[in-house]
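Chemist: Here is how the chains run, residue by residue.
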Amino acid sequence: MTEQVGTYPSDEQVGPSRITHGYVIVRRIIGKTLAYAGLTAVLTITAIPFLWMAFGAFKTEIQLFEYPPNLWPNPWTNNFPLLFRAIPFGHMFFNSWEISILATLGALVSSAMAAYAFARLKFWGRDQLFIIMLATMMVPAQVTMVPVFIIMHRLGWIDTHLPLIVPNWVGWAFGIFLMRQFFLQISSEMEDAAKIDGANAFQIFLRIFVPLSKPVLATLAVFAFLYTWNDLLGPIIYLTTQEKMTLTVGIATFKGFQYNRFDLFMAGALISVVPILIIFVIAQKYFVRGITISGGLKG
Amino acid sequence: MATAELAPKSAVSRSRRMRRLRENATGYLFIAPWIIGLVVFTGGPIFGGLALSLFDWDTLSAPEFIGFDNFIRLPTDERFVRSLHQTVYFTFASVPLGLTISFLLALLVNQKLKGVNFFRTAYFLPGVSSVVAIALIWGWLYDGHTGLVNFLLDLIPGVTPPLWLVDTRWSMPAVIIMSVWRTMGFDMIIFLAGLQAIAPEYYESARIDGANRWQLLRHITLPLISFTIFFLVVVSIIGSFKVFEQTLILTNGGPAFSTYTLVFYIYRHAFQQFNMGYASAMAFTLFAITFIVTMFQWRMQRRWVHYD
Chain B
755 MTEQVGTYPS DEQVGPSRIT HGYVIVRRII GKTLAYAGLT AVLTITAIPF
805 LWMAFGAFKT EIQLFEYPPN LWPNPWTNNF PLLFRAIPFG HMFFNSWEIS
855 ILATLGALVS SAMAAYAFAR LKFWGRDQLF IIMLATMMVP AQVTMVPVFI
905 IMHRLGWIDT HLPLIVPNWV GWAFGIFLMR QFFLQISSEM EDAAKIDGAN
955 AFQIFLRIFV PLSKPVLATL AVFAFLYTWN DLLGPIIYLT TQEKMTLTVG
1005 IATFKGFQYN RFDLFMAGAL ISVVPILIIF VIAQKYFVRG ITISGGLKG
Chain E
2 MATAELAPKS AVSRSRRMRR LRENATGYLF IAPWIIGLVV FTGGPIFGGL
52 ALSLFDWDTL SAPEFIGFDN FIRLPTDERF VRSLHQTVYF TFASVPLGLT
102 ISFLLALLVN QKLKGVNFFR TAYFLPGVSS VVAIALIWGW LYDGHTGLVN
152 FLLDLIPGVT PPLWLVDTRW SMPAVIIMSV WRTMGFDMII FLAGLQAIAP
202 EYYESARIDG ANRWQLLRHI TLPLISFTIF FLVVVSIIGS FKVFEQTLIL
252 TNGGPAFSTY TLVFYIYRHA FQQFNMGYAS AMAFTLFAIT FIVTMFQWRM
302 QRRWVHYD
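Residue numbers (our numbering), protein chains in the order written: chain B, 755 to 1053; chain E, 2 to 309.
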């Protein structure tokens, strides 16, 4: 940094190099210490509610409201047998997996197909339809919530899993958008070669585009799965029988009107959060990449 | 197509037409599921909802056409006005607070430090957990007498902590704090992506010019991530106007309606009282408000968003 000419040297650059060096090292150590202190402080704020929940799941209700609050349960109580008697846990756990997997699968298949058509096929009205699709992304679900509920009612799908699964099989605007951007970047060489070999559009899609887009598909799968697993509004509107509910909603409704037992809430919250945290930690790199690609998804 | 030139003209145009027809058919086959979805689950319901908002319908008796009465009723409905007011309160408190915190977090995790990836992942965990689980936990942490939040606040001398969820003045701030806590990791990652897209040369040349840290932040970082900020402001405001799950689980709209929000009120009317027409009118009002706010921001962006 000493050979700079025609700039405004700061004090540290003017001084003898040995002193500058020591000064820089001290500053760097202080900087790093502060950075780690900050990181740890935020980590504490993020982690404490989770830790409190995890240990709270093993406390009695009296212990939960002890003052001053204690993290460690003493003695440990197993709340899960009571929880499983209070709610049909096995059904709900299975329902959550069933609905999340089928919804995710449908969202991927239908979105990939539409994205491929929008990116690679020529058909009448394509660009206009694409703009319509972008416009549907702006419309909040609350606007269509009531009419869609009436349609589901007419179809006789109330209190079944179909209203939570079927709408995913008819295209997911965000997924179509993200995948179309990805398909547009794929070079046409392989596609042209396959065409010369007599492959049709469906074969090209299945054999070339789908294998190449595995990372994007994985990203979208994580998004769709998390969304369905955590969704409250959909299941709360469509499901009335406890045995048909998802875990998230089962625990939510059981707060509302049946029990007011915080020991069971903590056990229930723990059980509904653990699978999602495991999935997230495994699929973390896809998730973060998806957010980076798309610039985010909220609400 | 050398052979085509030798063939009679009509045959050429017919084969071309056939091919174009087949191309069109293939295209539509691929988007067929989406078209069905558009008609049945998005486009159709939008018009259906608009029509429904002109009716009085309790799902049991026949719908009765009442023109714009549902919309006229809105400003006189005290709960609606209150819900709107509380939604705006939630939005204009949680968005600036949340984005400021997540931006500072992004600066924090954008440093080259060992193990920083671990911290990034950890900050993200609240955002992937369900609002239901989060709200159940926070409902307990917020307990006025024995909750952890007030235990910690009690340690600070001179602070008398509020009773949070049972105090009408503090119930909404409680919802806001929980929401910010939940989404800050999400927004942090988006900010981080914006920060990492800035070429290091900008900083180097500014540092050579003698700029200090604050000047770097003010004159390089902020202008260069202005698009990210803009994007997050738009998306967060749209998301905040739809706040529902937090208030449903944490407070169920209470105490004394102090956490009623628009979507909460719509949900009440649509699925608990079955006033489908009135609920639709409110949903479209919500849509109109978010649309106008978004358009306004789109207009304003020219004043402060920089594009390369």
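Simulated from the structure, these hints should not be mistaken for lab results. Honestly, I wouldn't trust all of these hints.
Stated by the list, open to error - With a straight-line Cα cutoff of 20 Å, these simulated SDA-like cross-link-like pairs (lysine to any residue) come out:
hint: 1; chain 1: E; residue 1: LYS113; chain 2: B; residue 2: LEU788
hint: 2; chain 1: B; residue 1: LYS786; chain 2: E; residue 2: LEU105
hint: 3; chain 1: B; residue 1: LYS1039; chain 2: E; residue 2: ASN213
hint: 4; chain 1: B; residue 1: LYS968; chain 2: B; residue 2: LEU859
hint: 5; chain 1: E; residue 1: LYS115; chain 2: B; residue 2: ILE779
hint: 6; chain 1: B; residue 1: LYS876; chain 2: B; residue 2: LEU888
hint: 7; chain 1: E; residue 1: LYS113; chain 2: B; residue 2: GLY792
hint: 8; chain 1: B; residue 1: LYS1039; chain 2: E; residue 2: ASN118
hint: 9; chain 1: B; residue 1: LYS786; chain 2: E; residue 2: ARG300
hint: 10; chain 1: B; residue 1: LYS876; chain 2: B; residue 2: GLU943
hint: 11; chain 1: B; residue 1: LYS786; chain 2: E; residue 2: ASN213
hint: 12; chain 1: E; residue 1: LYS115; chain 2: B; residue 2: ILE783
hint: 13; chain 1: B; residue 1: LYS876; chain 2: E; residue 2: PRO34
hint: 14; chain 1: E; residue 1: LYS115; chain 2: B; residue 2: LYS968
hint: 15; chain 1: B; residue 1: LYS1039; chain 2: E; residue 2: LEU126
hint: 16; chain 1: E; residue 1: LYS115; chain 2: B; residue 2: ARG782
hint: 17; chain 1: B; residue 1: LYS998; chain 2: E; residue 2: ASN118
hint: 18; chain 1: E; residue 1: LYS115; chain 2: B; residue 2: LYS949
hint: 19; chain 1: E; residue 1: LYS115; chain 2: B; residue 2: LEU888
hint: 20; chain 1: B; residue 1: LYS1039; chain 2: E; residue 2: LEU114
hint: 21; chain 1: E; residue 1: LYS115; chain 2: B; residue 2: THR787
hint: 22; chain 1: B; residue 1: LYS949; chain 2: B; residue 2: ARG961
hint: 23; chain 1: B; residue 1: LYS786; chain 2: E; residue 2: ARG214
hint: 24; chain 1: B; residue 1: LYS1039; chain 2: E; residue 2: VAL117
Stated by the list, open to error - Just so you have them, the derived chain B footprint on chain E, three or more residues with Cβ under 8 Å:
hint: 25; stretch: 108-119
hint: 26; stretch: 167-177
As the list claims (entries may be wrong) - Per label pair, the in silico range of CB-to-CB distance:
hint: 27; chain 1: B; residue 1: LEU960; chain 2: E; residue 2: GLN216; range: 51 to 57 Å
hint: 28; chain 1: B; residue 1: ARG782; chain 2: E; residue 2: GLY159; range: 34 to 40 Å
hint: 29; chain 1: B; residue 1: ALA895; chain 2: E; residue 2: MET296; range: 35 to 41 Å
hint: 30; chain 1: E; residue 1: ARG18; chain 2: B; residue 2: ARG961; range: 27 to 33 Å
hint: 31; chain 1: E; residue 1: GLY211; chain 2: B; residue 2: ASN824; range: 51 to 57 Å
hint: 32; chain 1: E; residue 1: LEU108; chain 2: B; residue 2: LYS1039; range: 19 to 25 Å
C-beta atoms are modelled at their ideal positions from N, C-alpha and C, and glycine is treated no differently.
Chemist: Within 20 Å, alpha carbon to alpha carbon, are B/LYS876 and B/GLU943?
Modeler: Given pair B/LYS876, B/GLU943 holds - Cα atoms ~17 Å apart, limit 20 Å.
Chemist: Would you check the hint for B/LYS786 and E/ARG214, treating anything up to 20 Å between C-alpha atoms as holding?
Modeler: Given that 20 Å is the threshold and the Cα spacing comes to 16 Å, the pair holds.
Chemist: Does the structure keep B/LYS1039 and E/ASN213 at a Cα separation of 20 Å or less?
Modeler: Violated, because 35 Å separates the two Cα atoms, which is more than 20 Å.
Chemist: Holds or violated: E/LYS115 and B/LYS949, Cα atoms, limit 20 Å.
Modeler: Since the Cα atoms of E/LYS115 and B/LYS949 sit roughly 49 Å apart, the hinted pair is violated (cutoff 20 Å).
Chemist: Taking a Cβ-to-Cβ distance below 8 Å as contact, does the stretch 167-177 of chain E have at least three residues touching chain B?
Modeler: The restraint on the stretch 167-177 of chain E is violated, since only 0 of its residues have a Cβ under 8 Å from chain B and three are required.
Chemist: Please verify whether B/LYS876 and B/LEU888 have alpha carbons no more than 20 Å apart.
Modeler: Roughly 18 Å separates the two Cα atoms, so the pair holds.
Chemist: Taking only the CA atoms, is the gap from B/LYS786 to E/LEU105 under or equal to 20 Å?
Modeler: holds, 16 Å
Chemist: Straight-line Cα separation of B/LYS876 and E/PRO34 no greater than 20 Å?
Modeler: holds, 17 Å
Chemist: Are the Cα atoms of E/LYS115 and B/LYS968 separated by 20 Å or less?
Modeler: Judged against 20 Å, a Cα distance of about 30 Å means the pair is violated.
Chemist: Check the following: the C-beta atoms of E/LEU108 and B/LYS1039 are separated by a distance inside 19 to 25 Å.
Modeler: At roughly 22 Å between Cβ atoms, B/LYS1039 and E/LEU108 fall inside 19 to 25 Å, so the hint holds.
Chemist: Per the hint of 34 to 40 Å, is the separation of the Cβ atoms of B/ARG782 and E/GLY159 within bounds?
Modeler: holds, 37 Å
Chemist: Taking only the CA atoms, is the gap from B/LYS1039 to E/ASN118 under or equal to 20 Å?
Modeler: Roughly 11 Å between the alpha carbons, so the hint for B/LYS1039 and E/ASN118 holds.
Hint compliance for this structure: hints 3, 9, 14, 17, 18, 19, 26 and 29 are broken, all remaining hints hold.
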